[in-house]
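Asker: Chain by chain, the residues:
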Amino acid sequence: DTGVSQDPRHKITKRGQNVTFRCDPISEHNRLYWYRQTLGQGPEFLTYFQNEAQLEKSRLLSDRFSAERPKGSFSTLEIQRTEQGDSAMYLCASSWTGDTEAFFGQGTRLTVV
Amino acid sequence: DQQVKQNSPSLSVQEGRISILNCDYTNSMFDYFLWYKKYPAEGPTFLISISSIKDKNEDGRFTVFLNKSAKHLSLHIVPSQPGDSAVYFCAASGGKNFGNEKLTFGTGTRLTIIP
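Sequences listed follow chains A and B, in order.
Under my numbering, the first residue of the first sequence carries the number 1171, and numbering increases by one thereafter.
Under my numbering, the first residue of the second sequence carries the number 111, and numbering increases by one thereafter.
Isolated chain A (complex conformation) (with noise of 0.2 angstroms):
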């Protein structure tokens, strides 16, 4: 197993475009995070899947974002109509129930122009 996977690292996109984020977790891991990470801050709590099952997300998730984790494996983040404001590294997470030490993924770096 070679941990949380996302693809791609980097994108940059110009202004109204839609954007789409792949994260693959660890394979026995049945809970995923995605998290933003802003220039001099640290990870911010974005959404949370159990399996397939979206159970949170955060006020940070506009409208514009959305998430998806079919058949409970990989997840996908997509932006719609992306703003500069997007512009951050979203950072991938995974973990097991019970355990709160969740591993992340490189992450994916966007740039909205």
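Incorrect hints may appear among the rest.
Claimed, not checked - Covered by chain B, according to a simulated footprint, are these stretches of chain A (three or more residues, beta-carbon under 8 angstroms):
| id | stretch |
| --- | --- |
| 1 | 1208–1217 |
| 2 | 1264–1278 |
To be verified - With a straight-line Cα cutoff of 25 angstroms, these simulated SDA-like cross-link-like pairs (lysine to any residue) come out:
| id | chain 1 | residue 1 | chain 2 | residue 2 |
| --- | --- | --- | --- | --- |
| 3 | B | LYS178 | A | GLY1268 |
| 4 | B | LYS166 | A | ASP1269 |
| 5 | A | LYS1184 | A | ALA1223 |
| 6 | A | LYS1227 | B | SER138 |
| 7 | B | LYS115 | A | LEU1209 |
| 8 | B | LYS181 | B | ASP111 |
| 9 | A | LYS1181 | B | ARG127 |
| 10 | B | LYS115 | A | GLY1255 |
| 11 | A | LYS1184 | A | GLN1276 |
| 12 | A | LYS1227 | B | THR155 |
| 13 | B | LYS115 | A | GLU1214 |
| 14 | B | LYS178 | A | LEU1209 |
| 15 | A | LYS1227 | A | PHE1191 |
| 16 | B | LYS164 | A | ASP1269 |
| 17 | B | LYS181 | B | GLN112 |
| 18 | B | LYS115 | A | SER1257 |
| 19 | B | LYS164 | B | SER122 |
| 20 | B | LYS166 | B | LYS178 |
| 21 | A | LYS1181 | B | TYR149 |
| 22 | B | LYS178 | B | ASP141 |
| 23 | B | LYS166 | B | HIS186 |
| 24 | B | LYS178 | A | ASP1269 |
| 25 | B | LYS166 | B | GLY126 |
| 26 | B | LYS181 | A | GLY1210 |
| 27 | B | LYS166 | B | ARG127 |
| 28 | B | LYS181 | A | GLN1211 |
| 29 | B | LYS181 | A | GLU1214 |
| 30 | A | LYS1227 | B | PHE156 |
| 31 | A | LYS1227 | B | GLY126 |
| 32 | B | LYS164 | A | TRP1266 |
| 33 | B | LYS166 | A | PHE1273 |
| 34 | B | LYS115 | B | ASP169 |
| 35 | B | LYS164 | A | GLU1271 |
| 36 | B | LYS178 | B | GLU168 |
Everything labelled a hint here was simulated from the structure, so no lab data went into it.
Ideal Cβ positions, reconstructed from N, Cα and C, are used throughout, including at glycine.
Mind docking chain B on chain A? Use the hints.
Answerer: Same frame as chain A, but now just chain B:
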């Protein structure tokens, strides 16, 4: 509302000496605390954790201390090594109280070990 605070943005320590990183929290519902280490262009890497029922946890060169009454925790690294140079994030979770294990992070402390 910053529920987890790391008030020192940066810290420089001589190689071989002790590094002490501090973290304060405000939410008494947090019951588990973690430290992550982050290198540039990489995701955070889990380092060490502590449950609220303990006041100390050790793992090799790393020790985390928790003072619940003061809502304060610290990470001690001894002896410090050049490879320890990174940004360190304090994180807190209230899994049993909140129903999930989402993490609330501080803003990080950049540790530089001087050879």
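Asker: Each hint: holds or not?
Answerer: Now for the hints, and whether the structure bears them out:
no.	hint	verdict
1	1208–1217	holds (count 6)
2	1264–1278	holds (count 10)
3	LYS178/B <-> GLY1268/A	holds (22 angstroms)
4	LYS166/B <-> ASP1269/A	holds (19 angstroms)
5	LYS1184/A <-> ALA1223/A	violated (31 angstroms)
6	LYS1227/A <-> SER138/B	holds (22 angstroms)
7	LYS115/B <-> LEU1209/A	holds (16 angstroms)
8	LYS181/B <-> ASP111/B	holds (16 angstroms)
9	LYS1181/A <-> ARG127/B	violated (41 angstroms)
10	LYS115/B <-> GLY1255/A	holds (24 angstroms)
11	LYS1184/A <-> GLN1276/A	holds (23 angstroms)
12	LYS1227/A <-> THR155/B	holds (24 angstroms)
13	LYS115/B <-> GLU1214/A	holds (13 angstroms)
14	LYS178/B <-> LEU1209/A	violated (30 angstroms)
15	LYS1227/A <-> PHE1191/A	holds (17 angstroms)
16	LYS164/B <-> ASP1269/A	holds (17 angstroms)
17	LYS181/B <-> GLN112/B	holds (14 angstroms)
18	LYS115/B <-> SER1257/A	holds (24 angstroms)
19	LYS164/B <-> SER122/B	violated (29 angstroms)
20	LYS166/B <-> LYS178/B	holds (11 angstroms)
21	LYS1181/A <-> TYR149/B	holds (20 angstroms)
22	LYS178/B <-> ASP141/B	holds (10 angstroms)
23	LYS166/B <-> HIS186/B	holds (11 angstroms)
24	LYS178/B <-> ASP1269/A	holds (21 angstroms)
25	LYS166/B <-> GLY126/B	holds (22 angstroms)
26	LYS181/B <-> GLY1210/A	holds (23 angstroms)
27	LYS166/B <-> ARG127/B	holds (20 angstroms)
28	LYS181/B <-> GLN1211/A	holds (21 angstroms)
29	LYS181/B <-> GLU1214/A	holds (21 angstroms)
30	LYS1227/A <-> PHE156/B	holds (23 angstroms)
31	LYS1227/A <-> GLY126/B	violated (44 angstroms)
32	LYS164/B <-> TRP1266/A	holds (22 angstroms)
33	LYS166/B <-> PHE1273/A	holds (22 angstroms)
34	LYS115/B <-> ASP169/B	holds (23 angstroms)
35	LYS164/B <-> GLU1271/A	holds (16 angstroms)
36	LYS178/B <-> GLU168/B	holds (17 angstroms)
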